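Number of protein chains: 2
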Amino acid sequence: MTTTLITNIGELVTNDPEAEDLLGLVQDAALVVEGSRIAWTGRAADAPDADERVDLGGRAVVPGFVDSHSHLVFAGDRAQEFAARMAGTPYAAGGIRTTVAATRAATDEQLTSHVARLVEEMRRQGTTTVEIKSGYGLTVKDEARSLAVARQFTEETTYLGAHVVPDGDPGEYVDLVTGPMLDAAREHARWIDVFCERGAFDADQARAILGAGAGAGLRGRLHANQLGYGDGVRLAAELGLLAVDHCTYLADEDVDALRDSGTIATLLPGVEFSTRQPYPDARRLIDAGVRVAIASDCNPGSCFTSSVPLCIALAVREMGMTPAEAVHAATYRGAEALDRDDVGALVVGRRADLAVLDAPTHVHLAYRPGVPLVVQTWIAGRPG
Amino acid sequence: MTTTLITNIGELVTNDPEAEDLLGLVQDAALVVEGSRIAWTGRAADAPDADERVDLGGRAVVPGFVDSHSHLVFAGDRAQEFAARMAGTPYAAGGIRTTVAATRAATDEQLTSHVARLVEEMRRQGTTTVEIKSGYGLTVKDEARSLAVARQFTEETTYLGAHVVPDGDPGEYVDLVTGPMLDAAREHARWIDVFCERGAFDADQARAILGAGAGAGLRGRLHANQLGYGDGVRLAAELGLLAVDHCTYLADEDVDALRDSGTIATLLPGVEFSTRQPYPDARRLIDAGVRVAIASDCNPGSCFTSSVPLCIALAVREMGMTPAEAVHAATYRGAEALDRDDVGALVVGRRADLAVLDAPTHVHLAYRPGVPLVVQTWIAGRPG
Numbered sequence: 001m002t003t004t005l006i007t008n009i010g011e012l013v014t015n016d017p018e019a020e021d022l023l024g025l026v027q028d029a030a031l032v033v034e035g036s037r038i039a040w041t042g043r044a045a046d047a048p049d050a051d052e053r054v055d056l057g058g059r060a061v062v063p064g065f066v067d068s069h070s071h072l073v074f075a076g077d078r079a080q081e082f083a084a085r086m087a088g089t090p091y092a093a094g095g096i097r098t099t100v101a102a103t104r105a106a107t108d109e110q111l112t113s114h115v116a117r118l119v120e121e122m123r124r125q126g127t128t129t130v131e132i133k134s135g136y137g138l139t140v141k142d143e144a145r146s147l148a149v150a151r152q153f154t155e156e157t158t159y160l161g162a163h164v165v166p167d168g169d170p171g172e173y174v175d176l177v178t179g180p181m182l183d184a185a186r187e188h189a190r191w192i193d194v195f196c197e198r199g200a201f202d203a204d205q206a207r208a209i210l211g212a213g214a215g216a217g218l219r220g221r222l223h224a225n226q227l228g229y230g231d232g233v234r235l236a237a238e239l240g241l242l243a244v245d246h247c248t249y250l251a252d253e254d255v256d257a258l259r260d261s262g263t264i265a266t267l268l269p270g271v272e273f274s275t276r277q278p279y280p281d282a283r284r285l286i287d288a289g290v291r292v293a294i295a296s297d298c299n300p301g302s303c304f305t306s307s308v309p310l311c312i313a314l315a316v317r318e319m320g321m322t323p324a325e326a327v328h329a330a331t332y333r334g335a336e337a338l339d340r341d342d343v344g345a346l347v348v349g350r351r352a353d354l355a356v357l358d359a360p361t362h363v364h365l366a367y368r369p370g371v372p373l374v375v376q377t378w379i380a381g382r383p384g
Numbered sequence: 001m002t003t004t005l006i007t008n009i010g011e012l013v014t015n016d017p018e019a020e021d022l023l024g025l026v027q028d029a030a031l032v033v034e035g036s037r038i039a040w041t042g043r044a045a046d047a048p049d050a051d052e053r054v055d056l057g058g059r060a061v062v063p064g065f066v067d068s069h070s071h072l073v074f075a076g077d078r079a080q081e082f083a084a085r086m087a088g089t090p091y092a093a094g095g096i097r098t099t100v101a102a103t104r105a106a107t108d109e110q111l112t113s114h115v116a117r118l119v120e121e122m123r124r125q126g127t128t129t130v131e132i133k134s135g136y137g138l139t140v141k142d143e144a145r146s147l148a149v150a151r152q153f154t155e156e157t158t159y160l161g162a163h164v165v166p167d168g169d170p171g172e173y174v175d176l177v178t179g180p181m182l183d184a185a186r187e188h189a190r191w192i193d194v195f196c197e198r199g200a201f202d203a204d205q206a207r208a209i210l211g212a213g214a215g216a217g218l219r220g221r222l223h224a225n226q227l228g229y230g231d232g233v234r235l236a237a238e239l240g241l242l243a244v245d246h247c248t249y250l251a252d253e254d255v256d257a258l259r260d261s262g263t264i265a266t267l268l269p270g271v272e273f274s275t276r277q278p279y280p281d282a283r284r285l286i287d288a289g290v291r292v293a294i295a296s297d298c299n300p301g302s303c304f305t306s307s308v309p310l311c312i313a314l315a316v317r318e319m320g321m322t323p324a325e326a327v328h329a330a331t332y333r334g335a336e337a338l339d340r341d342d343v344g345a346l347v348v349g350r351r352a353d354l355a356v357l358d359a360p361t362h363v364h365l366a367y368r369p370g371v372p373l374v375v376q377t378w379i380a381g382r383p384g
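First to last, the sequence lines map onto chains A and B. The first sequence begins at 1 in this note's numbering and counts up one residue at a time. The second sequence begins at 1 in this note's numbering and counts up one residue at a time.
None of these hints come from the bench; they were simulated from the model. Keep in mind the model is a prediction, meaning the values are calculated, not measured. Ideal Cβ placement from N, Cα and C applies to all residues, glycine included. Heads up, some of the hints might be wrong.
[As the list claims (entries may be wrong)] Here are some chain B residues pointing at chain A (derived, C-beta under 7 angstroms): (1) 307; (2) 368; (3) 371.
If we strip away everything but chain A, and leave its shape as in the complex, we get (with noise of 0.2 angstroms):
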């Protein structure tokens, strides 16, 4: 396999979880990549001779982010609902009605092409895995169609049937995504996920649904505790889930629960500087010993950000993170969130999935927020 060596890498990031620090940084510094995987990391001076070689003049490198919560399945935008929203309008979650409706009616192709642009938006911006959710279907056909596009482009697919009501009977609608829906759309997914929220499915209808899920060999994850407290972050954890996205409103027994299950808290902060709610506190979280994720949730209605930088820098900003954590957490803990053992760490026998910055050091990810500072990123051993 041809060799290549990265080098003149101003700062190497390789979230090595054996190093002393965090990010296991790594200043001037170089790596080589064999194939699609890391074969060495080190000191520049230091590292061994390839078949090519590639000069970075000193820009840092981050792993490639793992955005571990996604909803790319859906067609038709609601500019108009944000701008409403922003002169005062509130957020509700049956918004998700209007995306349900223009989903249904965009062809296979339409589908297809609108998450290919997405996700090579967000590869542009540094993001080299993602995780889709399906959730504007709602329907058999449609549910199995939005995860059999989903899975063209990621592994990681995951079943939101259960993402709002659509119309008709709340329990009707539970069997059917435990049932028939369940059966479509199983061959196209690797999780399963449920909206536990107040308005959309509550702590008795997600155990079953999940319960179901695992019984088809889908593994769990969920929504909640984004709009107000609720049941959703313990259930969560008494189910040991991986996961439990959102956590913005935590009483203390969701924080300890969180803790003593080990679910790991994905947060979601471009859903609150889009929807204008108070921001999840990750200091709290961190501090209570908690592991912590970031992901950007990208979707029309909540928060159509794709940037994982932005969200590191509003982590930053508003939630009480360090630079170090706030990368770390869209990196190596978004792969921990996806139970990936081979993504989000730039360390031997790791994808290697890296970001190039057009900056120093990852602090400027926060330190310059906004800038469009990812000037490469490379998938699998190749820059694209």
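Since the structure of chain A is provided, determine the placement of chain B on it from the hints.
Chain B in isolation, oriented as in the chain A frame:
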């Protein structure tokens, strides 16, 4: 002169002051560029022939951003100060001295190449006119060379010898700023500015400095009321300045003074983002009849963003502006704040400075925060 038809524009923001709506929106639009100027705008179906034709595929076009407040001439960065501030150290104007030392130590070539890089970074984000201040030299020689460097990139150069007192007696420093330093700076500058704030210069000193500047042919600007209440905004109104910048802490009488004088309030929300200060209240100002511009304040200390799109998103999220008001403030009002009637609007006779968005409408600049939506920037009729 060659004419170019730019057509299939999904939404065109003209900022035509004769239009009924603030942005002078035209749907399914086109425009014709002749040389460096706009020769025609209207519905694509009505467009005249031209020598060349560019099809934008339904994308939105906005006037290029007019960033009326930046400090691009400096060396070094202050990423560690930023990280410390985010961990709880309050922002103080004294940090400017760190950059002064680095700037004095830099060569002309280093300063020039650094400004070139930032101006190009701005252009990639849609900025077509930028004001650039001195203020990190603070000696006769270093202020003059800072302005000479800035003048290579813009006509809108501002002498800010009165950024902070570098050392020694404040009275003696004001004598220097109004005497030999002004003499050396005037040939390279159009404007003169003072940081009127506790810890920098008081209103009497600001009055003296702006008066001396006026005597040398430089028009006045002012940084005021950023860190606390004070006399600066009322001084700006009393002197009839075109614009006063920051305006975070305003008493009712300050707002009244701005309304009565017609002085533009230039708000810089990137600063509040990066210093974790409260945001200025644009809604209050607009509702009182004050003209509001927004700008980046790109500088290494309080705000190292060059992104006007981020400032637009912050203006909507944090300052109560509508997306239309924010886009207008970053284009038309920015031009007014620099007394420029040749930029800031896409109407016949003005310079063909525009940004093409990978989005159907201007609302997406706020709806999709952090996403690099500007796919092409034209300056004086030429794409870059």
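Hint-by-hint comparison with the structure:
The closest approach between the C-beta of residue 307(B) and any C-beta of chain A is roughly 3 angstroms, which is under the 7 angstroms cut-off, so the hint is satisfied. A least Cβ separation of about 5 angstroms between residue 368(B) and chain A falls short of the 7 angstroms threshold, and the interface hint therefore holds. This hint holds: residue 371(B) has a C-beta 5 angstroms from the nearest C-beta of chain A, less than the 7 angstroms allowed.
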